[in-house]
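Same order as they appear, the protein sequences are chains H and P.
Mapped onto the numbering used here, the consecutive letters of the first sequence carry residue numbers 1017 to 1480.
Mapped onto the numbering used here, the consecutive letters of the second sequence carry residue numbers 630 to 758.
Rather than coming from a laboratory, the hints here were simulated on the basis of the structure.
Computed from a prediction, not measured in an experiment: that's the story for all the values here.
Positions of the beta carbon are idealized from the N, C-alpha and C atoms, including for glycine.
Do not rely on the hints blindly, as some may be mistaken.
To be clear about the criterion: a stretch of chain H counts as covered by chain P if any three or more of its residues have a C-beta under 8 Å from a C-beta of chain P, and this derived list gives those stretches [to be verified]:
1) 1044-1056
2) 1100-1114
3) 1242-1249
4) 1254-1267
5) 1371-1381
6) 1388-1395
Read off the chains here:
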Amino acid sequence: MEIAYLAAIVLFILALYWMNAPKSARRSVSAGVAAMALAIVATWSRPEVVHHLWIILALIGGVVVGVPLSRVALTAVPQRTALSHAFGGLAAGLVGTAKYYMWVSEGAAELTGFRMTAIVVETLLGFLTLTGSLMAAGKLHGVSWIPQRPVIYPLQNMTNLALFALAVVVGVSLIIAPAGPWSGVAFPLLIALSLAFGVLLIIPIGGADMPTVISILNAYAGLSAVAMGFVLDSRLLVVAGALDGASGLILSIIMCRAMNRSFTNVLFGGFGQVQETAAAGAEDRHYKEETIEGAAQTMEMARLVVIVPGYGMAVAHAQHRVAELYDQLTARGTTVKFVIHPVAGRMPGHMNVLLAEAEIPYDDIVEMDDMNPDMEQVDVALIIGANDVVNPAAREKKGCPIYGMPIIEAHRAKTVFAIKRGKSPGFAGIENDLYFRDQSFMLFGDAKDVIGELTKQLAVDEAA
Amino acid sequence: MSRKTAPIAGAWSVACATLGAVSSAYADTAADPSGQTWSSMTVLVLATFVGLGVIGRVSRLLHTPLMSLTNAISAISVVGSILIAGSDFPPMIRALGAVALFASMTNIVSGFLITERMIKMFKERGEKK
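Given these sequences and hints, build the entire structure.
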């Protein structure tokens, strides 16, 4: 039995180890599935498991819901991920609750300080991850009754902190007196406070911060699994939870760095507040538009084309058209590279998955830091629905809200074409200096249509 | 482990040690004869270091599948849910376990399937459709 758990731990670590390159990653899933199967069989066959009907029903239910969830379109992967963090949080919260009431009914001696601390942490993290992730999933999916824009009200941080402090106080009181006279109220109160805190934590957060928030929720889900491991005295759970937590942590750090912001700034910063003043500044500048024919001509002359995709490509589901453009250009002998900003899209790696779906080889995806030094050699930079991540103001304008954020330096390319749906500024509400530079031209319209026509024009020119 | 993550791992270990010390001060030794607190804390600290080391090496291309894979892995909470739903406990408690089991199983199935689906899409140049 214990040996099955140990084998599962080894397989989980191997699964993550193999994720270092796309080729070996194909083994990762098999290793993970094998580990999971081992753990389930080993647990189910334990002598204390005597009731089987509910287990079978719950497993079937999980398969029935899980299979369709794995078939969603890749543009919907961020909300699916958020939803699965919510399920993880729910499971942790419920197990914590069940264990608490079980031990209470068996007598207060069972509730040692250690177990009670673990239960409080598990319940708190589990339920706040549940509602927080549900809110995030709702925002990402564009559910109508959840506000898309950050919701900001006076004393917001004070309210949140007060609520969190209250939850901690309730938690500590439960640890000191697990079965005290008020514990009948305190435990449900702890659950309610955690649920409320999860909602309040997410409502002030806007779309472009989602990659960071999803990563942080991932870390919380992992930590709640660790706490569950402590409650159940299961090393397997502690290890798996720690792996999940470490992954969430690393991704959060990468996301924060890529935006030049700190954790606290993302969670408590309220990005919306800075914007109003910033947007009021530079007005009265004019976009230079380019026709499809003109853009196609410039691209025909180019030897090196760099494509910078952003959330706009995902919204327009334009990845397959982008692949056609890629095929058309590479067939002419043009070198095409994709440069992806770490926070492009709504979750870490979002753009890479979309490009992979469109069968664009990953060798042609270059990291921002590797491309920037060679930007001068780029003949055409094509920006597809990306905005703040290419805004040179982040380099040049002190005091602008995104100042200091690492950017893809498209402004150093010889020519810039930007595909944009409308003339409104990006998420951060800042005018993009790049679009007004001498070498920049706009192609207004839906990304899918514009790229489709561009490809068609290139094909026509080739035939002529 | 990279320079970025090492200080975090260090701080984390200190936090774990403190938490362990505080909670073992509460737990009387009769209730915790095997030293569960400390051995669990040790496992946690070691696993965190392994996790930071291994995940720091994951290709940036694969961050989305990484997240869905770790999601499925952390659904190992099925282990706990099975014990609660299947043992001879009062029905209310078993019901909580069954719902938790359902939630974890959903994550296992959808997490592994979608990871598999995404990883298969990543192709090198020349590796034809």
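Point to revise | Hints violated by the structure (numbers, ascending) | key: 6
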